[in-house]
Amino acid sequence: MSDLLAISGLVKHFDDRRGLLGRITGNPGALVQAVNGVDLGIGEGKTLGLIGESGCGKSTLGRAILRLHEPTAGQVLFDGTDVTALDASDLKAMRRRMQIIFQDPYASLNPRRTVGEIVAKPMRIHALATGSDLEDRVVDMLNRVGLNSGHLNRYPHQFSGGQRQRIGIARALIMKPKFVVCDEPVSALDVSIQAQIVELLDEMKQELGLTYLFISHDISVIGYVSDRIAVMYLGKIVEEGETREVLENPMHPYTRALLSSVPHLEKTAGKRDRTRLKGDLPSPINPPPGCKFNTRCPLATELCRQSEPELRHMQGTQSAACHLSLANAEG
Amino acid sequence: MTTVTHWTGDAGTAKSETLFQRNMKLFASNRLSIFFLFITLGFVFMAVAAPLIAPHDPSDADLFRRLLPPAWMEGGDWSFPLGCDALGRDILSRIIYGSRVSIFIGATVILVATTIGVLAGLAAGYLRGWVDIVISRLVDILLGFPYLIFAIALIAMTGPGLQNIVLALAYKEWVIPCRVVRGETLATSGVEYVEAARAMGASRSDIMLREILPNILSPVLVVSTVRMAHVIILEASLSFLGLGVQPPMASWGSMVADGRSFMLQEWWLSTFPGLAILLLVLSINVVSQGLRDAFDPRFHD
Amino acid sequence: MNDAVLRIRDLKTCFDTRDGMVTAVDGVSLSLGRGECLGVVGESGSGKSVTFASVMGLVKKPGFIAKGSINFEGRELVGLDPKNYRKLRGKEIAMTMQDAQTALNPAYTVSNQIIEVLLAHDETLSGSRKAQRRQARQQALEMLQLVGIPSAETRLDDYPHQFSGGMRQRVMIAIALACKPKLLIADEPTTALDVTIQAQVLELIADIRDKLGMSVILITHDLGVVAEYCDNVVVMYAGQVVENGPTGAVIATPQHPYTQGLLRSIPRLSDLSRRIEPIKGTVPELIDLPDQCRFMDRCTRAQASCRDLIAMQDCGAGRQVRCIAPGLAGGSDV
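Residue numbers (my numbering), protein chains in the order written: chain A, 76 to 406; chain B, 502 to 802; chain C, 1071 to 1404.
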């Protein structure tokens, strides 16, 4: 496999422990194991959908790849270069090629800057264009995302959520990066606007030849945009494979539960049948021993409570981290 | 009981104005603040134009006029409306010139302290790590020092004089904006537009000065105005103790002090400069309150 | 429906803002039968939340109800005095808010918050103040068990922040249900929750509705939720109802171009190769809107006569639509 991005053994822990003083003052802090050993690959020009519930570590994973959070351990190979080993100046150069689009269109734009300044900023930082050339590039980018030069001198609060997301996309794409982390880019938007942004991201991908890591909690959106899907639970990937295979024949009980929790338009009121998950996501400060999903899994056995399953190839393009599906596949 | 949420409408504003302009408009609609803003500006004008508007030379002593009462009292003279002090100097002129000391020291101390405090607070809040530890511990230590006593000790060592007074007041004053800025910076540096700037490869100083700073100026503005009133009082206190600007320069604090022994009979010596301090400090505080109401979103409905 | 619990007629709620008069709700009519679950769908600015804030008497200055009637169990609520409103709220009509985090008072334990509601409204409590409190505490425990809080007796005296998001939403539902209201208004009860938790909470509301026989209004932006849990649906756009009717029929053969557009813009797991088609443009500003079709700027079928005042019209099988050319373009492709 010649993936554009290859992640191996990526770990991000937030260590807030305070030693002796903390123990005395009764605030010992905590070690949050947000990302706990993730291996993933994304082929050039492909979209990998990363799905999971809040607190599973999916956003942290996206930020650790870009070193917005310094990874605790592991490797991120981008086009053959280990991003985690870059020094400050090489990392700055690398930032031209890897970008991010954020969830919250209200928090992601500096309220004191005009749209023109916001979109031009990456070009200024990397001294890629100046003067009228810069303005042309900015206007060109705004046009591509469905805005126009009349918007240059306006402030973010004068735009709707969908338009602000377009500004964020223009800012991320103006340097023509190769790889973009889309961190819940449509979750904060209205339904009719979500579709506009999904379509825009797809157009941009075709035009600029982008590769996406698309993070979302919405499995329908993930199913729509992704070539492959990775399902994350409590800091680990529990299932990964081509979109169609994973959605049609989920191997991990968590994936199954996620899929059956999604309300469907086709089923109208009446008796509902679904695998209901009990309880909440356990805390990443104190994850359960064995399989991380065993506390909520309807099929958990003694084995699941004792040993943690590794991500293993199951069938076709699918891998899953489950003792039981493993048994099924082999039996 | 669940907290009841009230709907007050959230119409998107499409007007072409920045948040700052919007807040300033809100401030301008507060009549009380505007009234006191004009009084404050009046004092500033008085300080700047003192030689033009003062009827007499503030140090022009004449023992024939010693303890001359205000004009409306028996024996008063309309060319010395507020009367004269123990050396026969015109009190009104001395008050007008005294405003120069109060406003100059208040403004300079706040300017110096705010500059230091903002930079230190930004560094502590954004860079974290040892920078934060050093700055925060220094702030804690300075906060433990009693303000006035330390200022007195400092002036006792260096001797009085405008420059030394400014230093004696600013040495600790920067701590206040520093703490405000550090807190705001900590909160702002987690916001996504700051992350976006990091993702672009922006340098730390670029992020601190261009992304974070413009967004935390409002609380700094509010705090600076409140503290300016405070510094003016401190300066008056130092002058009252004889550690402020030296004679024959007029300052309100020393005028109050000079009039102390005449309080029972010749009350006007201390009362008028005292009223000047009161009015200026009150005006600045009301303006500051107005700014806070306009800028703090928690007061917006 | 003769046996309507709630009947809203031509409701108009306005906000007098600095930028002009905002008509957040403009001529909304709907009715809700006993035991019915009605879904109210709309995007931000559609007026769905303000409509039910009006029902709850929670519209405060600069907002006001300009005209219309809200009839609850034969009583007119528009113009009801605050005292009687307080008696009604929490006892006969209860509302849960989208954000359980801020809607619960962080300074009081969960049991205290439920007991307060019971002491204020429940007339079956008897005896001394102390005895009433004891009975109320017992009922609070039962409510927490009903909404499925594990080991409820040990959690009675916990504070809201000690609960997870899903559990907090359950606590808020428990408070809302404490006095066994006839009508529960759930404003985006699951928007802040993960899908697995969302399923739990919606099942819970459906179960309790069956058990207590109450009517439920589910305000949501998620058509999937409506499809699975609601008998009837009201689609709102820019302050107006644009379509209503039985859920299955509306979703299978939507009549209004906005409903059709919404359905086409949602990706579906059941058909991954189906392309989504976004609705172009954005929701109009609600300030000084002309009396024409509000959707026409975004509509692919707009014509000159869309500039006239468009009224709701019947289109058979208990359905209504606000469009002069309903049902064209084949509806959705379900």
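Treat the hints as calculated values from the structure; they're not laboratory data. As the structure is a prediction and not an experimental result, all values here were calculated from the model. Among the hints, a few may not be true.
What the hints assert, rightly or not - Beyond 10 Å from chain C on every Cβ pair, some chain A residues (computed):
| id | residue |
| --- | --- |
| 1 | H232 |
| 2 | Q271 |
| 3 | A332 |
| 4 | K353 |
What the hints assert, rightly or not - Each computed DSSO-like pair below joins lysine-lysine, with the alpha-carbon atoms no more than 27 Å apart:
| id | chain 1 | residue 1 | chain 2 | residue 2 |
| --- | --- | --- | --- | --- |
| 5 | C | K1130 | B | K526 |
| 6 | C | K1350 | A | K353 |
| 7 | B | K526 | C | K1281 |
| 8 | A | K353 | C | K1281 |
Stated by the list, open to error - Where chain A lies over chain C, by a calculated footprint (3+ residues, C-beta under 8 Å):
| id | stretch |
| --- | --- |
| 9 | 1191-1203 |
| 10 | 1226-1233 |
| 11 | 1325-1333 |
| 12 | 1358-1364 |
Every residue gets a Cβ at the ideal spot worked out from N, C-alpha and C, and that includes glycine.
- Message: Tell me the hint numbers this structure goes against, listed in increasing order.
- Response: Going through the list in order, the structure violates hints 2, 3, 4, 6, 7, 9, 10, 12 and respects the others.
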